[in-house]
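Could you build all of it, start to finish, from the sequences and the hints given here?
Those sequence lines, one after another, are chains X and H.
Sequential numbering from 1 applies to the first sequence in the UniProt record's numbering.
Sequential numbering from 1 applies to the second sequence in the UniProt record's numbering.
Each statement offered as a hint is correct.
Simulated crosslink set (DSSO-like; lysine-lysine; CA at most 27 Å straight-line):
1) X:K251 / H:K331
2) H:K283 / H:K25
3) X:K244 / H:K331
For the record, the hints were derived by calculation from the structure and aren't laboratory data.
These numbers come from a predicted model, not from an experiment.
So the chains spell out like this:
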Amino acid sequence: MRTIQFREAIAEAMSEEMRRDETIYLMGEEVAEYNGAYKASKGMLDEFGPDRVLDTPISELGFAGIGVGSAMLGNRPIIEFMTFNFSLVGIDQIINNAAKMRQMSGGQFNIPMVFRGPTASAGQLAATHSQAFESWYANCPGLKVIVPSNPYDAKGLLKAAIRDDDPVIFMESEQMYGDKGEVPDGEYLLPIGIADIKRAGDDVTIVSFGKIIKEAYKAADELAKEGISCEVIDLRTVRPMDHKTILDSVKKTNRLVILEEAWPFGNVATEITYQVQNQAFDYLDAPIVKINTADTPAPYSPVLLAEWLPNAQDVIKAVKKVLYKD
Amino acid sequence: MKEITQEVYLKWYEDMLFWRKFEDKLAAVYIQQKVRGFLHLYNGQEAVLAGSLHAMELGKDRMITAYRNHVQPIGMGVDPRKVMAELYGKVTGTSKGMGGSMHIFSKEHGFFGGHGIVGGQIPLGAGMAFADKYFKRDAVTLCYMGDGAVRQGSLHETFNLAMLWQLPVVFICENNGYAMGTSVERTAHTTDIYKLGLGYEMPCGAVDGMDPAVVAQEVYTAVERARSGGGPTFLEMKTYRYRGHSMSDAQHYRTKEEVEEYKKIDPITQVKEHLLENGFATKDEIKEIDRRVKSFVSECEKFAEESDYPPVEQLYNTVYEQQDYPFLPHKL
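Here it is as structure tokens:
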């Protein structure tokens, strides 16, 4: 199978869908002439022209709202945020208009659109550029939230998101755009709301999603050397969440560690913890452990950033704790 | 523009009177606690809607506004009984009781809400126009806002984009003098709201919003500019609301004398005088219209009263287009 970069998978997904459906357009800062701030829309202006690949001024609130309004009249917009950190100045349009339009119009206006861009930290970018908003968006009914972790999932899920008739938040990472992975030549779609068991194992379940899952893989590799078998589940979709895959795994391993790059208060890991204690209480042989970022804004200094971010060693420590091997 | 004939004046009188009496009824049933939530009435601003509707091509052009939105859909052709039922929270309402006072919608009649966040509808209106331009449809969007909304960043971002892309949209500020209880003078250094268009080189101007004939002419010019590819226009309608911002407003920010002064130029009174002075209608004919209006308002109330509340499953089946979405349980 051929190997392509994450950014190429994103561009392929958008381009294939835009060839198939002329109601789709891509709008955002630097998406057209610059080929995307991270080259995730490379070549698309040349192929689709300026009516369907549109550069915007730095007006997230304005162009997010224009996207929603156009979705009320037949478009299927893809709105790119250069980072979801910038979505905060446009969040009113996402939460109040995209997410709620169908409900408050009694089902008259669905909003088939995708808001996409990178999420979470990407090196020493400090407090305003290192935030993960998965749990914020996933908290809001009306939205779906997808966070892929490799090029194959990204392409299949982005195509599904573009075809979905509800608004989808699709989150990538600056630190994943260069990642390479196997992606088949032919067309494929992946279902929204279905998790994927990336590594099968018996001793402990590790649930994660997005780029931070790489730390879980590293931990699983290290632990395997000690004879500890980890099952690594990639959520892929945060909302709706695939509880069944998590529960089935926990019922097998009886132990759960959740790795999420987000502030610890009320995050996605908290929700998983609630669901597992509620539905698999008798299967648990140890308290669930969450591994998150520090409960502070992201620092700049490299030493502090390393402490702030969760890593493979944190996962190893957590796995040993739930196995009572610490 | 279509000629403003005797029939137009008669329609304006009956429509505007109906809107006024319809909302007077809403205020009455609100006090009886049959309608709850917030209730923002259009009382006094009717000429803006009447004139705009004359300038639009109904069935083709589109309208979007904020939360002072009960009578616009009626003007666009929505059955008023369904609007009344929406405020009662009934399943027969325009949004099946999901939206209430601030969120009236009608896809069928080109009314795109009904929006509760001040200024949030401004980019939506431009987005609707974006779609019409994208699909090369012959349609214009009329996007309304209050004088409070023009101080939101959403207006400025949207004005820039609408001019950049020359979208077929007319932005209309209904300046009734007060953003809730705060006067225009107390919130801005520049009080001529229409001048906000100048910074974007958007054609703009102030309009007497108490006279439907004046409104119709100015809106028509703007709509036709948009329709012919000339891009957006920004109109400031100088108007007034007699009632408070919402039903809980004690109105300490203005004097009774000020309200009385505006009542002298009330749009319904102006049109009625025009009808009588020009011999377009006799006093008896006016009385007959008044009787018809009263009777229809009662019919709306009866329809809303007698309609059913929505079934519990509607809580879930309106949120997502995906009908088997796995909602989380919220209690045992």
